[in-house]
Amino acid sequence: MKKCILLVVTVLLLSFVAVFSVAAGGKGETTTSGPVTINFWAEYTGFEALGMNQALDRFNATHPNIKVVYTGQSDVDKKVIAAVLAGDPPEVAEVGNNQNFPQLVGGGTYTALNDLFKTKSFDFSVFWEPWTERAVTIDGKIWGMPLTDWVLALVYNKDMFKAAGLDPENPPRTISDFNVAQRALTKKDAQGNITQTGLSFRTTFPGWFAPYYSYMFGATPETLYDAQNKKFLKPEALYQAWEWLQSFPKEYGAQALQKFVSGFGDWGTSAEPFLSGKMAMSLNGPWIAQHIQQYAPNMNWGVAPAFAVKSVADKGPFGWVGMDVMTIPKGAKHTGQAMDFMIWFSGKEGQYYFDTGKNGTGRVPTVKDFGGADFFKAADPVNPMLNKWVEYIGSKNLGPIPYGSPAEQAYNTELNAMLDPVLNLQIDARAAVDQAVARAQSSLDRM
Amino acid sequence: MKAFVPFFTKRKMQRRLTVLAFLSLWLIGFGGLFVYAIGQTFFYSFTNFNLMNKLKWIGLGNYVHLLFADNVFWQSLGNTGFFLIIVVPGILLLSFVFALMVRRKTGLTGFASVAYFLPFVIPLAATGLVWRWMFNGQYGIVNYAIGLFGIRGPDWLTSSTWIKPGIAIAEMTLIGQYFVIFVAALQDVPRELYEAADIDGASALRKVFSVTIPMISPAFYFNLVTCFIIESQIFDLPFVITVSAGGQATIAGGPGWSSTSFAMYMYLKMFTEYDAGTASAMAMISLVIVLGISIGMIKASARLVTYDR
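Going line by line, the protein sequences match chains A and B. Every letter in the first sequence is one number past the one before it in the numbering used here, and letter 54, counting from 1, is 54. Every letter in the second sequence is one number past the one before it in the numbering used here, and letter 127, counting from 1, is 574.
Since the hints were derived computationally from the structure, they do not count as laboratory data. Even glycine gets a Cβ: it sits at the ideal position worked out from N, Cα and C. Possibly wrong hints are sitting among the right ones.
As the list claims (entries may be wrong) - FRET-style restraints, in silico, Cβ to Cβ:
1) Pro570(B) / Gln255(A): 31 to 39 Å
2) Leu85(A) / Gly743(B): 35 to 43 Å
3) Leu85(A) / Pro566(B): 34 to 42 Å
4) Asp139(A) / Phe564(B): 54 to 62 Å
Unchecked claim - Incomplete in silico selection of chain B near chain A, CB under 8 Å:
5) Asn495
6) His512
7) Ala516
8) Tyr586
9) Thr605
10) Tyr721
One chain only, chain A, in its complex shape (with noise of 0.2 Å):
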């Protein structure tokens, strides 16, 4: 008997040094000689990865020193956090999503970078301005570099405004233009069925971004957030665009815009309403070449301005802006060579290689002096209207996406949980608004 409590003892000894053995080697160790490893995490993946993998192999290819391994994977905000807690985070991650990133900062998960720039000598006037400053600084300080910019702008089948009979070359620049275009894309079939439309506002994109669309109306993140008393306020641009949102099923029938949109496949997939033919129209970004040179090869498109009221259209390009944030998360190790990584990526080489080529992503490169019209030559196999995102990043009329609350990720979900209730017309807009707008402030409230 003895010898079996023996036994057991011992076994479970050593399966708890086994364990904690295993638990405490870490991951990316450095040598004393040899390159810095760099752990880098974002949610690049898939065919978007292709880029990210010719960057990252040129870097390392012309940087001995440092050694950067990427893991690409979702939900990667949710990673860090528990990586920051546990003491062991990567030297650069990704903000997943950026509507979350001012909670994050504020949580204390990533380092400030002001010093490491400074010993860097690094400018940050290098970047597309006043954009880039404005999405990473928070409380003075800047948190993060931009691992790619975009713009969300009207992306247009021009066939399919050619069929309808509008002008493939002057797309709607207003939202009077657009409320035209959508009747005479919108086709119904014999049963009374709609079969195609202008634009659909339930899909993935536009619908993510619907708590936004006030900016069309023009709204600004001063009208929409008081960063001083943390309130989320209500201009009447914010009414006026899901009243806007609500005119269409009062125009073509909540129900047989429900029966049409539930035929739609996700985004990202050959089904997604626009690459399949159902929509002539997206708001999206410079990401969509690369969806369409996949699943739809042969569309003849084109990019735009999105549209907005008259008054905010006149002023010139309007879109929505915003970035993918990198950072170093708070207890990395090596954040000299994270930092220096980090200056090379969002630097001229660096977005090269991300943006163009065969595998590259076709997307906005980050700094002003990115190359010209050679960029725009290499990037033309995955991008070839990269040029018109390029020039909308440069116009000072554009909506940032987040705009800056603590509480915004709340504010998003609230009003987007609101969007399906008012398509429905199951639910006034205005109501919609002041319930989810009340939601989201009782959510910042308790923050």
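Knowing the structure of chain A, use the given hints to seat chain B on it.
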């Protein structure tokens, strides 16, 4: 005169230590993964913890907010109640009926058994994706099948009225584990009871209610409790079916939270808004509700479950 039996003897201590040694692994796992986790959740439910901030004690703030100021909390509770009321009896009925059907050994028994059990072993994420296309309003096979009877099927995924019934239908295909338990229990019913019932002139239905069900009542009870606990935490299937479904806004739960379950709302609070305090309070409320109902079932089982043979 009773002999004095000391409480602590060397032999008894040795025996107890042996038992403890063999139980230790499980106890460590139970303590670390269960007791500690529940204790920590209970503590967080009284704070404003969001994974990243310094903890601040707010007392019953999270509970007051949920119970008195959060209509979606009550809606998610109601949605989960709907699933429990429809899905649990539905699963038990279907698994019992199919178990009765395969009790008669025919050429198709083996195939039928595998077919009924198969949905249970396929990962729910894959099942959910398939159901999402099956429920597609225009191209889905469900509406096609309904259309054969001249009925126009609803837009399951975009309708706040039909999304819950759709998810309930999908959930009710997960009868595998309950079916297997019923099959095993049915094999244990003594044949003599059926022979005696035959002699008394009992019909097939009468035999089911008077012989089969009472004899397999422990299996019924076990399946009921298990099914209730699993379905009260319903998450995987409705989440995959509704998240970013064609035509939906990019949050899970159907139009206007219409099919958001309690577990889905808790997930949203915890992993999208990082509101760990509120999510922990929801977990505690869920624990109390499920525990309370489970205790009620245990008490009722004393009257309704036959263990003696």
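Going through the hints against the structure:
no., hint, in the structure
1, Pro570(B) / Gln255(A): 31 to 39 Å, "holds, 35 Å"
2, Leu85(A) / Gly743(B): 35 to 43 Å, "holds, 39 Å"
3, Leu85(A) / Pro566(B): 34 to 42 Å, "holds, 37 Å"
4, Asp139(A) / Phe564(B): 54 to 62 Å, "holds, 57 Å"
5, Asn495, "holds, 7 Å"
6, His512, "holds, 7 Å"
7, Ala516, "holds, 6 Å"
8, Tyr586, "holds, 6 Å"
9, Thr605, "holds, 5 Å"
10, Tyr721, "holds, 7 Å"
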